[in-house]
Amino acid sequence: MDVLAALTGSIGSVGYGLAAIGPGIGVGIVWAAYIQATARQPESAGLTRTYAFLGFALSEALALIGFVVPFVFGT
Amino acid sequence: MTPSAHALGSVLAAGPGFEAPGLEAFYPHPLWSFTLLGIPFEITRITLILWIATLAMIGLLVATVRKPQIVPGKLQFLGESGYSLVRDGIARDVVGPKGLSFAPFLAALFFFILANNMMSIIPFAQISPMSKFAFPLVLALICYVIYIWIGIREQGVGKYFKDILFLPGVPVFMYVLVTPIEILQNFIVRPFTLAVRLFANMFAGHMLLLVFSLGATYLFTVGGLSYVFGGISFLMAIVMTFFELLVIFLQAYVFTVLMGTYLNGSIEAEH
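Respectively, the protein sequence lines represent chains H and Z. The letter at position 63 of the first sequence is residue 63 when you use our numbering, and the numbering goes up by one with no holes. The letter at position 130 of the second sequence is residue 130 when you use our numbering, and the numbering goes up by one with no holes.
Since the hints were made in silico from the structure, they are not lab data. Since the structure is predicted, the reported quantities are computational estimates derived from the model, not experimental observations.
In silico negatives: residues of chain H with every beta carbon more than 12 Å from chain Z:
1) A5
2) A6
3) G17
4) G22
Some chain Z residues near chain H, calculated using beta-carbon distances under 10 Å:
5) V94
6) F199
7) A204
8) Y253
9) T261
Just so it is clear, CB atoms sit at the ideal spot from N, CA and C, and this is done for glycine as well.
Here chain H stands alone, though its shape is the one from the complex (with noise of 0.2 Å):
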């Protein structure tokens, strides 16, 4: 079969981009609702921002395992 596209070279970190697209939605998404919220509201800051950073924790760990498997399964 002839080969119509090919690509070379650190394909990981192609991966990695598309793996940080959506935490990086996510977590923008989880701060501005802490933001708004405590301007909203300011007293309950310290009540939601355990929230946000379980929010934010969560939604980041797409990015980092993305970080991760290129190294882990590269070459």
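Dock chain Z against the given chain H, drawing on the hints supplied.
Same frame as chain H, but now just chain Z:
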């Protein structure tokens, strides 16, 4: 010779091309190796860093409480506010009213991770033991065993596993979908992400610093216009060191907070 110096040597020796730093920085040469009960052990630089960081943290914390006064001095204030961050912010507020008995464990977890993470920007160490997957993995496994054990102790074996397998308040036909997700979530994803998050953050931080500092060194050797870019790269290495400082605190905090929420889920029956 440190692995980073080794990488620097290979960058300078490579000649015309820049060789990006790879994984060799995470596999330093063993300083001392021995076999105990048929298991080979290797004491590397990273092991030494772990010991030094832990001892330094123990020393600091002991020093903060050695001469307690009613009006705390600077050192005592540091120790007390660090401990109250974990005790009040995590053990009491996240875990719940029963959580205060977990404050020492959570504080130990927090300060251990903090001390080890801190080694990633301290000169001459500049690699965190947490950027070796084994260390976060063991921490996550300890947490895994503890939160399941606490769940069984607080709720009983039957109720604890029944609540996880069959989430209360869910329509019966939805169990086809919910039960596998809950099993995956509680017994596989949780400890895995706990370990990977800490590991990947410290690993990525170390790689970032390596890339910028080795890049700067390489650009300075090229000469010409590259001096400008070398300067920028060097500046970025400094900026990234401060960013690393943020990540160090954040990851130690996030690890402890997540362990707090898992404990909360184990202690309180409702989801």
